[in-house]
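Chemist: Sequence:
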Amino acid sequence: MGWSICYTKNDEREWQMYRSYRSAQHLLAPDAVFFLGDLMDEGQWGDYYTFHRYADRFDSLFGRLVVHWKDFSREMFMSVALKEDSGQPFVLLTSMAMHGDGCKFCHEAEVALRTIGEELACAKRGKCDKNVSVRFDPYRRPILLQHFPLFRVNDDECLRDKDFDHDDPNRNDPYRPTWEALSKESTELLLKTLEPRAVFNGHTHRGCMKRWTRPVNFWEYTVNSFSWRNGDRPSFLLATISEKHVLVDVCHLPHESTVLRLYIVVAVILAAWLLRSLVPVAKSLFLRTRRIRYRSPSGEKLIKSVKLLEIE
Numbered sequence: 001m002g003w004s005i006c007y008t009k010n011d012e013r014e015w016q017m018y019r020s021y022r023s024a025q026h027l028l029a030p031d032a033v034f035f036l037g038d039l040m041d042e043g044q045w046g047d048y049y050t051f052h053r054y055a056d057r058f059d060s061l062f063g064r065l066v067v068h069w070k071d072f073s074r075e076m077f078m079s080v081a082l083k084e085d086s087g088q089p090f091v092l093l094t095s096m097a098m099h100g101d102g103c104k105f106c107h108e109a110e111v112a113l114r115t116i117g118e119e120l121a122c123a124k125r126g127k128c129d130k131n132v133s134v135r136f137d138p139y140r141r142p143i144l145l146q147h148f149p150l151f152r153v154n155d156d157e158c159l160r161d162k163d164f165d166h167d168d169p170n171r172n173d174p175y176r177p178t179w180e181a182l183s184k185e186s187t188e189l190l191l192k193t194l195e196p197r198a199v200f201n202g203h204t205h206r207g208c209m210k211r212w213t214r215p216v217n218f219w220e221y222t223v224n225s226f227s228w229r230n231g232d233r234p235s236f237l238l239a240t241i242s243e244k245h246v247l248v249d250v251c252h253l254p255h256e257s258t259v260l261r262l263y264i265v266v267a268v269i270l271a272a273w274l275l276r277s278l279v280p281v282a283k284s285l286f287l288r289t290r291r292i293r294y295r296s297p298s299g300e301k302l303i304k305s306v307k308l309l310e311i312e
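Mapping of the sequence shown onto the UniProt record's numbering: residues 1 to 312, in sequence order.
The hints are simulated quantities; they were obtained by calculation from the structure and are not laboratory data.
It cannot be assumed that every hint is accurate.
[Unchecked claim] Lysine-lysine pairs mimicking DSS-like chemistry, simulated, CA-CA at most 27 Å apart: (1) LYS83 <-> LYS127; (2) LYS83 <-> LYS184; (3) LYS192 <-> LYS210; (4) LYS244 <-> LYS83; (5) LYS192 <-> LYS124; (6) LYS124 <-> LYS244; (7) LYS127 <-> LYS244; (8) LYS192 <-> LYS104; (9) LYS192 <-> LYS83; (10) LYS83 <-> LYS124; (11) LYS192 <-> LYS127; (12) LYS244 <-> LYS210; (13) LYS184 <-> LYS124.
[Unchecked claim] Beta-carbon label-pair distances, calculated as ranges: (14) ASP101 <-> ALA271: 56 to 62 Å; (15) ARG22 <-> TRP45: 28 to 34 Å; (16) PRO30 <-> ASP168: 28 to 34 Å; (17) ASP38 <-> PRO254: 19 to 25 Å.
Heads up, the beta-carbon is just placed ideally off N, CA and C, and yes, glycines get one too.
Produce the entire structure from the sequences given, and follow the hints as far as they go.
Modeler: Right under this line is the structure:
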């Protein structure tokens, strides 16, 4: 979402997100929903009022309950959240906390990651000290969810889905560390500490699947934008996670250009139907008007006078 000078266009795109999300919820009935994108684009310039206005708009589109999990154990940190479902741990990370610039919540995130890493390591060994939590027993590699992609030079390393916009002139632009992707150092820290089964992220507005082999084997999935605002081909990811497999499908939403073409086709059909319906009515009115004009009193007197002259 974002501020737009064209309110009609903005309303149309918000309707697209609302309708797409509600339809996906109804048809797919997911156990959990993760939002990996920005809440707004003007956070750097927005004030307290702007933030809450955007938050209220977000709630009106997606609802308040969907961003929380029910009956799942969780432990919250300042910038790291740990959630668990059916024995599968999920680590939710605030990417801004991984810039390594010495900020307060960066330090808190590093402490939280170190704690989680120690618990994962002892669960992997099958032997934990008494003062260490056993919440990862039996051991299962976690799934990492964050906003920024892991470090990569650009999207050339990605397996792109069919909705990737090959006409995008910026598709191969280099990614700046801490701007378009995490730094190499932060990426190495996360991978060595967590050894994730899979990594999900967003931020770039382009779909990407990247295979990692070091330090562990896993797939990284960067979700495409959900909104028409950031491209003509929105989509989202549907993941099925079991003890042995992480299966991910790309679910494609209607293209904005396709919807606009449908609007044009419907408008042309309606116009043709109206013309076909109105032409007989207009013709009937025209004929009736002519009959009324010829039957007017002045016309009848004129005809009578002409007839009298002809008789005489």
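Chemist: Is the gap between the beta carbons of ASP38 and PRO254 within 19 to 25 Å?
Modeler: Given about 22 Å between the Cβ atoms, the range holds.
Chemist: Would you mind confirming whether the straight-line C-alpha gap from LYS192 to LYS127 stays at or under 27 Å?
Modeler: OK: LYS192 and LYS127 at ~19 Å, within 27 Å.
Chemist: Given the hint that LYS83 pairs with LYS184, does the C-alpha gap stay at or below 27 Å?
Modeler: holds, 26 Å
Chemist: Sort out whether LYS83 lies within 27 Å of LYS192, counting only the CA atoms.
Modeler: holds, 20 Å
Chemist: Quick one, are LYS192 and LYS124 close enough, alpha carbons at most 27 Å?
Modeler: holds, 14 Å
Chemist: Within a Cα-Cα threshold of 27 Å, do LYS83 and LYS127 meet the stated pairing?
Modeler: Satisfied, since the Cα-Cα distance of roughly 22 Å is no more than 27 Å.
Chemist: Check whether the Cα positions of LYS244 and LYS210 lie no farther apart than 27 Å.
Modeler: Holds, at about 20 Å.
Chemist: For PRO30 and ASP168, compare the CB-CB distance with the range 28 to 34 Å and indicate the outcome.
Modeler: Given a distance of about 29 Å, which is inside 28 to 34 Å, the answer is holds.
Chemist: Holds or violated: LYS192 with LYS104, Cα cutoff 27 Å?
Modeler: At roughly 23 Å apart (the allowed maximum being 27 Å), LYS104 and LYS192 satisfy the hint.
Chemist: Checking one constraint from the list: CA of LYS184 to CA of LYS124, max 27 Å. Satisfied?
Modeler: holds, 26 Å
Chemist: CB of ARG22 to CB of TRP45, is that within 28 to 34 Å?
Modeler: holds, 31 Å
Chemist: Would the pair LYS192 and LYS210 pass a check requiring their Cα atoms to be no farther apart than 27 Å?
Modeler: Judged against 27 Å, a Cα distance of about 18 Å means the pair holds.
Checked against the numbered hints given earlier, this structure breaks none of them.
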